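Each chain is listed here by its residues.
Number of protein chains: 2
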Amino acid sequence: MEPVMNITKITKPHDRLAKYVAADMEAVNLLIRDRMASKYAPRIPEVTRHLIDAGGKRLRPMLTLASAHICGYEGPYHVHLAATVEFIHTATLLHDDVVDESAQRRGRPTANLLWDNKSSVLVGDYLFSRSFQLMTETGSMDVLRILSDASATIAEGEVLQMTAAQDLATDEDIYLQVVRGKTAALFSAATKVGGVIAGADVSTVQALSDYGDSLGISFQVVDDLLDYDGQSSITGKNIGDDFRERKLTLPVIKAVANADSKEQAFWSRTIEKGSQEDGDLERAISLLQKHGALEATRLDAISWANKAKAALAPLPDHDIKSILYDLATYVVARLK
Amino acid sequence: MEPVMNITKITKPHDRLAKYVAADMEAVNLLIRDRMASKYAPRIPEVTRHLIDAGGKRLRPMLTLASAHICGYEGPYHVHLAATVEFIHTATLLHDDVVDESAQRRGRPTANLLWDNKSSVLVGDYLFSRSFQLMTETGSMDVLRILSDASATIAEGEVLQMTAAQDLATDEDIYLQVVRGKTAALFSAATKVGGVIAGADVSTVQALSDYGDSLGISFQVVDDLLDYDGQSSITGKNIGDDFRERKLTLPVIKAVANADSKEQAFWSRTIEKGSQEDGDLERAISLLQKHGALEATRLDAISWANKAKAALAPLPDHDIKSILYDLATYVVARLK
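Protein chains in written order, with our numbering: chain A, 34 to 369; chain B, 34 to 369.
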């Protein structure tokens, strides 16, 4: 790893992280390209390439590489694990877009729209299998345990979201479980396996795992808040998407908890029954404001970001440690 | 394992096998029930139970148990592996029914019909993750390698089938690859991991793997043949389902290879373009007969069954060995 002289000139912590692990990420991208191939079924790399080349932020694999570096790892297998994490992430995106019947992802038509649901389901399965093949190459049973646990939590969280998202009885505990499945489980596994492959001690591995968990939750809470309180020009998303898709997220859960019977009827009609009319989104936002739900959600996001930072304390001093710290700051800096 | 006195009185080899591994299968069923639970998402056991309780033949997990026994295994982990194999099988069935838009499975409405495609996709993902968790409990990296390889072959075969099934250029090589994915890969992995967990030597493991591969192929070729040449009263399937679903299976591939231009046009219209009319199935069957495609397919099925039997040669003498032998005979005995 070459020393990066101008790392402090780059402001966004994500870009600093990318710069730091650039050489490794090249190896990860090569490995991904190699393993998404199929001797018999060209549809597989076609679909995979569509998603991979759309250029996600690659935050998860970078977190794996970063965690391995911070623990002084010098072997080759953090690259396998980073590719594994990206494959699992890609597989879940393919399946999510089928489940949500989405038409757009990363500014491009989804694979289920360009090809069909079948391709998305089966190519997702293929990538998931490939990710486990990659893991076996590391020879670490701990890594397999961590990532198969994470995969089960992801699938469980998705099923839970499907059944709970339109149910007003869904409380903050269930929301947290959904968020762990949707986002935090893979963040946490990504950082954890970086430490495990480096042979780090138990408390270091726990610190990395906790950091990923809290960062992932903060990330998702911010996302859910911006859906009601963001500027489209910054987020690239439309205000009210979750409301229109009848997804019960944290701001609404907080408002429902304080709703009088008339408000309860409003949420029941718009979210549970899905009967929405002009002006409903504005009414929803005004109810969120009335009950301080947006502000309370903002404080939750900040609290999770602070937990992420606190989790870093036991880690050794390292350039990457400060980048990870700044990353947690940055996640909530989008909120004003 | 209690000695089974009346094992020869039971004629069907599948029933003899079931009787032999009955105690283990009880443990497998308990483990399946335990691991299909979900703390948060009751939809998961609901969907899984619907499929598991429909009572498939459980042939794959029984093959794993049998293979472990034949190698003298006395540890507990063949039970985990048998449950793993059944979970992988169940996950692929859930996803297959989404991909094929099936309405019936094992004489009951499919999960995608009773619930929805989303539930089938996500519960399949959950079971797949659970299967990898189960494998890690065995502590055997070899087992993980074999079953993640098999999973990748399964998904690849399904993608290949999707793109190749309606393409008249599909030849017997591609068909074989599809069949390995659809059926033989999991049969072969099921027998192989039984040997591996027992610590059997390389040639024994290879023999078990070859047996599963050939048995699985024979099984699928018979299935594809009976679709044109079976009696509904025996197979429980309707003649011509594959034709109506425009699936290019071995009998048709053989007939297409010998088709004159008029016949070529017939296959192109009915299979590639999917424009079928009254009398087409009868014409298809008469073309299969004219070119000896049914007879040639029958001989292929028998040849694969014979390969399965031959593969057993290096295995130690054991009651189960003769059951496995008879199982290969039985698979093609449905053909007359």
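Incorrect hints may appear among the rest.
[Stated by the list, open to error] Below, a list of computed lysine-lysine pairs in the DSBU-like style, where the Cα atoms sit at most 35 Å apart:
1. A:Lys340 / A:Lys45
2. A:Lys72 / B:Lys72
3. A:Lys90 / B:Lys72
4. A:Lys354 / A:Lys90
5. B:Lys72 / A:Lys342
6. A:Lys340 / B:Lys72
Because the hints were derived from the structure by calculation, they are not lab data. No experiment lies behind these values; they were computed from the predicted model shown.
Here is what the structure says about each hint:
1. For the hint linking A:Lys340 to A:Lys45, the alpha-carbon distance of about 20 Å falls within 35 Å, and the restraint holds.
2. As the CA atoms of A:Lys72 and B:Lys72 are separated by approximately 40 Å, the hinted pair breaks the 35 Å bound.
3. Among the hinted pairs, A:Lys90 with B:Lys72 is consistent with the structure: their alpha-carbon atoms are about 32 Å apart, no more than 35 Å.
4. The straight-line distance between the Cα atoms of A:Lys354 and A:Lys90 is roughly 19 Å, inside the 35 Å bound, and the hint therefore holds.
5. Taking the CA atoms of B:Lys72 and A:Lys342, the gap is about 30 Å. The hint holds against a cut of 35 Å.
6. A C-alpha spacing of about 26 Å is found between A:Lys340 and B:Lys72, which places the hinted pair at or below 35 Å, so the restraint holds.
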